[in-house]
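These are the residues of each chain, in order.
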Amino acid sequence: MTDPRETKRTQRDGKPGFTSDLAARIKRAQGEDSPAQAAADRMRQREMTGLGRGFRLGSEFVAAVVVGAALGWGIDRLFGTTPWGMIILLLLGFAAGVLNVVRAAAEMNAEAAKLPMAPSVPDDEDEDK
Amino acid sequence: MATGNPIEPIHQFEIVDILPLGNIGGANIAFTNSGLFMVLTVAAIGAFLIFSSAQRAIVPGRWQLLAEMSHEFVANIIRSTAGSEGMKFFPLIFSLFMFVLFANLWGMIPYFFTVTSHIVITMALALLVFGTVIIYGFWRNGFKFLKLFVPTGVPMYILPLVTLIEVISFLSRPLSLSLRLFGNIMAGHIVLKVFGGMVVALLAAGGWAALAIGPFVMAVAITGLEFLVAALQAYVFAVLASMYLNDAIHPGH
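Residue numbers (the working numbering), protein chains in the order written: chain A, 1 to 129; chain B, 1 to 253.
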């Protein structure tokens, strides 16, 4: 978009043209957030609403439990190990669900910390760290 | 939309055959209302992008600015979650984002069917992402992709257990991705319908009609919330899809 010919022309004329303070203007514009970036930030902030957070964590947990149970059921059907496969994999599914929730929560906290105006995430009182 | 009790909140999710196409292996194949709204969604996206970018002005007009902003919005999501290398998945993420967004927004029009309120649709979208992650992960990293399941710094004796938990956690991703979108949209539409049904029932109850203002106000407020949820869920879907693709590009953390 920067037309080099125009710059030359303005220099020859000795008059400040359209492109004379272009570098300064680009610098100024880059300092501000682009509208898309600002929209992304706003959306990220909204993801931190209670409803969004709850749905996120709930689905992460439930999905892992369901997958664990389904895997155990499938293994039992294939190898005839009823009910051990389902019992063990259901428990592992719970563990994976907790892992998912911990990861999602850590991610959310990291996102919330990045935003300057973000509301602080309520913390457990009995947590030491 | 003619059968059943129209006040019943689940009624809106009914699949209706519009154009029967015959039977294949005992399964009924038809062009349904769901299919119709998928076509409408794609047509609306196509029309929006083609007409708004037809001018190709250097200084964009309103529509072109809107199209450029949606491009930048998705591009920013991908760059911030998957890095610049993730931009090769831009067509996939952008398509998913626009499809979910437009399908949700079509659903906000009264009497219209919401495509994303059926878990079959959201699951198909999530499995598309999941399949892409697995295929691209193995194609790009070979067997190093499996390092994704083996966290570093875990003692040997507990590693098999942790790996199994990681595998279950990985397999749960498409389910949680589809469950969230489907759950949000379906729950929201049911709540809307329940409050709408309350208004109708109270108005029909003679002396109680004055109370109908309560659920009516709620229905208006929840409509606003649902517009937010419609956009938000499209955004969340795109963010998580690009986060999962990031694992395919850089496994091992």
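Some hints could be false.
To be verified - Partial pick of chain B residues on the chain A-facing surface, computed with a CB cut under 8 Å:
1) Thr163
2) Leu164
3) Ser176
4) Met186
5) Ile190
6) Lys193
7) Gly196
It is worth saying that the hints were derived from the structure and are not from the lab.
Note that CB positions come from ideal geometry on N, CA and C, so glycine has one too.
Evaluated hints:
1. The interface hint given for B/Thr163 is broken, as the beta carbon of that residue sits about 11 Å from the closest beta carbon of chain A, more than 8 Å.
2. Evaluation of the B/Leu164 hint against chain A yields a held restraint, the C-beta minimum of about 6 Å falling below 8 Å.
3. A least Cβ separation of about 4 Å between B/Ser176 and chain A falls short of the 8 Å threshold, and the interface hint therefore holds.
4. Proximity of B/Met186 to chain A is violated relative to the hint, the smallest CB-CB distance being about 12 Å (cut-off 8 Å).
5. Nearest Cβ of chain A to the Cβ of B/Ile190: about 15 Å, over the 8 Å cut. The hint is violated.
6. Because the smallest distance between the Cβ of B/Lys193 and any Cβ of chain A comes to about 18 Å, over 8 Å, the interface hint for this residue is violated.
7. For the restraint placing B/Gly196 at the interface with chain A, the shortest Cβ-Cβ distance is roughly 20 Å, beyond the 8 Å limit, so the hint is violated.
Checked against the numbered hints above, the structure breaks hints 1, 4, 5, 6 and 7 and satisfies the rest.
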